[in-house]
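Please assemble the complex out of the two chains, which come individually in their own frames, going by the hints.
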Amino acid sequence: MTFPILPPFELGLVAAVLIGFGFGFVLERAGFGRANKLAAQFYGEDMTVFKVMFSAIVTAMLGVVLASALGLADFKALADHAVSGTYLVPMVAGGFLLGAGFIVSGYCPGTSFVAMASGKLDGLMTVLGVIVGQVLWAELEWRPGFATFHNAGDLGNFYLWELFHLSPRSGPYVVALAVTAMAVGCFVGAEKLERVLAGRSHPGAVPTPAGRPGRFVFAGLAVAAALGLVGLAAPTVAREGGRAPTGLAPLALARRVFDEPWKLRIVDLRPMEACSAKRIPGAECVPQDKLGTLGLADASPGRDLVLVGAAELPAMPEAAAAYPGRVYALEGGFAAWEAFALTPPAPPAPGAPASDLEAYRLRAGIQAAMTGMKAAPPPPVPAAAPGGPRKAGGGGCSG
Amino acid sequence: MQRNPDKFWNPYLAGVALGLVLFTSFLVMGSGLGASGASLRAGIAALEVFAPSHVASTPSLARAEASPHVTWLVFEIFGALLGGVVAAYTSGRLRGEVLKGPRIGNGARLALALAGGVLMGAAAKMTRGCTSGQALSGGALLSVGAWAFMFSVFGGGYALAWFLRREWR
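Line order of the protein sequences matches chains A and B. The opening residue of the first sequence carries number 1188 in the working numbering; numbering runs sequentially from there. The opening residue of the second sequence carries number 8 in the working numbering; numbering runs sequentially from there.
Heads up, a few of these hints could be off.
Stated by the list, open to error - Simulated crosslink set (DMTMM-like; lysine to aspartate or glutamate; CA at most 25 Å straight-line):
#, chain 1, residue 1, chain 2, residue 2
1, A, Lys1379, B, Glu72
2, A, Lys1450, A, Glu1525
3, B, Lys14, A, Glu1378
4, A, Lys1379, A, Glu1505
5, B, Lys14, A, Asp1491
6, A, Lys1477, A, Glu1525
7, A, Lys1477, A, Asp1491
8, A, Lys1450, A, Glu1505
9, A, Lys1465, A, Asp1491
I should point out that these hints are in silico values taken from the structure, not numbers from a laboratory.
Okay, chain B solo, but in the shape it has when bound (with noise of 0.2 Å):
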């Protein structure tokens, strides 16, 4: 296989390979993808070094935290950690860098990145998911809020488009 890091999949078929992973995961265990879980249970793994109590104490992290759904998001996403190593190292794409448009800084952009995870992370929760968990899946189980949900996500993102110019061209 040749490396060359510009080199893509065809999108259409990347999306229908998508497709197929995702429709195994719904045949298999029920459910769709998921990434945002992940996130919340190493926050309460981190809340459970500094403070125990507290994540027993607060409903929405205790439940988290017993939920087996969410241990399984987990290893689904250590598994897509694992996958994007091998896809990134066998496409020339692995390598430590930052990724921006020409005209800013790499703190700048590391700090955007940053105060942009904090916001799609609580938009995840208040959602009951994100892009995967509930645009993707919920969007090919044709539920409302799924649907309602993903043109929210692109519309926040073009309406937002013009003043982050600098970020990106």
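Extracted from the complex, chain A is given alone in its bound form (with noise of 0.2 Å):
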């Protein structure tokens, strides 16, 4: 998984600013700083809003969806990141709230500050009114009675393809080619409506056909999802035929249980007597035989899976290669753990390159830390002691 980037904060900020550019540019040349334009769909006349969100909704989609079957992205892992959970009942109660506002105001949230950037009072109107009952909300949202609509019918992170009982793996690229076929199915149909409705339109009203670029984009789109699923088809075959674990080294993982725990999935195979005894810290004790009960194909992505056998893992186990993450296994097994954190390290000769001595310290930071330890081992006896009489004096704020 290459995708989201996530760049540190102050670039995300410049990219936030490039991104809002073309989000605001595209917004107005799509006739979305005119409040006319935008309520227009509401009469049945001009289905522009109607045809420029669902298309931009389709691509964006369609994006993520080949980046996944290119193994640049994950597209649940990326939904997790990116959307807030479902909280179904504000949620439909305040869309019919927002649609009410919307018809009201002539804008939305967002086409409001384009409004007011290409100089609508009105659009500046709105933004002033979103400002007041953003605060409103949130001054109500966590009171005692209103919090409890505030988070009713909460269904955690939520997907189409869970609603529809898919699997997690192929789910998101078949809710996404239905997901298509309709959204261009509707483009047919309300292109339809516009040309039996523009008889006894508005004169105001302005539709904007397809035309030959309409016709094009939905060809584009129709490819696209058909890719996605084709793409779907060959990276699980490869996925599941010649998955082999990663190896992971010792080291490499004792630095992870340090600095990111929380990334790391450590599932111990040996059987339970061995695990209880000692195990890596965080690890869970499933015996191999029992790894089918962790339900590893719909688990989370998230976390890497890290396999630690007895001794080297001679293949993948079937329940593993169907975690849709990461996975590992540890290089030769517990027993090269033991030895490598469970261990005092041999000290260092003396008059050994510094190297060695770094990476003894190392060892024995490990090893003290894995085995709970209070004192880490002896210091390496020092190559040559310089001696010499310590400078008198040396400044300082004591003198």
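Below, the structure is given as structure tokens:
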């Protein structure tokens, strides 16, 4: 998984301005800075809002689907990161309220900014109204009675493919294809509706028909959706057929246990007694024959799975191969871990190079931390004590 | 480039362009576009002037004030304002005016714009995002809540359109 990039905060703000520029520019050029054009959606003669919105949704969706099919991103991980959880009750109620506000003001919160930027005073008033409304509900949402409503129907991160009980691997692709087909069907219908209503429509309404570019877009979206489905078939075969766990050296594992334990899911496959006696911190004891009970195929791929055998794992266990995230196997298994992290290292010989000393310190530190020893092993004997009298004085503020 | 204020992009091409912007945001930031978060931060900034201790003692406001993602949204909306100005100027649509139907006065239109804004502001807070953050971004990532929200928005709009025809027709 290469994407998302997640740049550092300040760089992200630069990206924010650039992305926002594109956002505002496109909205304005689509006609979304004009209340009449937006409101016309709800009188049936100008379906621009619907057309722009759904082709944007389908484009971005297919982009993420194709990136996932190529292994560059992970649809569900990205969605978990980007989308808020589903709170069905306030989302439906708030949706109706927002729709009402939309037809009353002629804008939605995003387009009101663009209208304000292009000098529309009604856009400015809507922007001010949204600010007031946001603060108003923020004042209320956490108060006892309101909080119940605000959090009602909490389904967590809940996706359409889960609603339709599709498998977590192929679900996003199947739903994306269905959404694309539905959208293109609706586009064709919207074009028809506009033509039918054109005769008796309001003289002010100017529908924008699909034309040739529109038909190219329809075709492009259909092709992209089909490619996504093909891509789904290809990597699945590759993944299930010859998927081997990546080796992870004990040192690399130790570093990760210290630095980012929340990104790891360590599963110890040794028999229960051996595992309960001694295991890597944070490891789950799951004997190999019980691995299937973990439901790894449906687990969130956010953490890397690390498999620990008694010795080097001969092959990828079937249940682990279905895990949607990365799978590692500890090189040399627990035996190698014991030798590396649980046995005090031999102090380097006097006069050893600096790199050996550094490696010794690191291993001694790991061993101390992993075995819970109070004192670190004795420091290495210095190569040659330089000796010499300590310089007197030396400044400071004591003098 | 000729400036024709009545000429808009082909809606499908505009949609694809918007989708590519959204896709870029997904790939770079791991999050979608948004608008209402920036409004909340603006409101918090105003409150900070009048009642600084109130923000700190209100959990929902304090959380939004500390959120780096909301800061990101403020910069994103700053970019959107720039993009809007440039696009409006180059298309000849940059001018001070009040947009409305022929049968309504400026005062009434501005009052309705404000009232609609308040409704949407409150609504977007309870739905954890507006048409940009929830419907567009969440819809593209197939979130059930986002789709339920989107259908509700269209439902609410169509339900009230008849009553507001004097504002627009």
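We went through each hint and held it up to the structure:
Among the hinted pairs, A:Lys1379 with B:Glu72 is inconsistent with the structure: their alpha-carbon atoms are about 47 Å apart, more than 25 Å. A C-alpha spacing of about 22 Å is found between A:Lys1450 and A:Glu1525, which places the hinted pair at or below 25 Å, so the restraint holds. Of the pairs offered as hints, the one joining B:Lys14 and A:Glu1378 holds, with about 18 Å between alpha carbons and a cut-off of 25 Å not exceeded. Between A:Lys1379 and A:Glu1505, the direct Cα distance comes to roughly 52 Å. Violation of the 25 Å bound is thereby established for this hinted pair.
This hinted pair does not check out: B:Lys14 and A:Asp1491 have alpha carbons roughly 51 Å apart, beyond 25 Å. Distance restraint check for A:Lys1477 and A:Glu1525: the Cα-Cα separation of roughly 24 Å lies within the 25 Å cut-off, and the hinted pair is therefore satisfied. For the proposed pair A:Lys1477 and A:Asp1491, the alpha carbon gap of about 19 Å is at most 25 Å, so the pair holds. For the given pair, A:Lys1450 sits about 22 Å from A:Glu1505 by alpha-carbon distance, which is consistent with the 25 Å threshold.
Straight-line distance between C-alpha atoms of A:Lys1465 and A:Asp1491 comes to about 22 Å, which keeps the hinted pair within the 25 Å bound.
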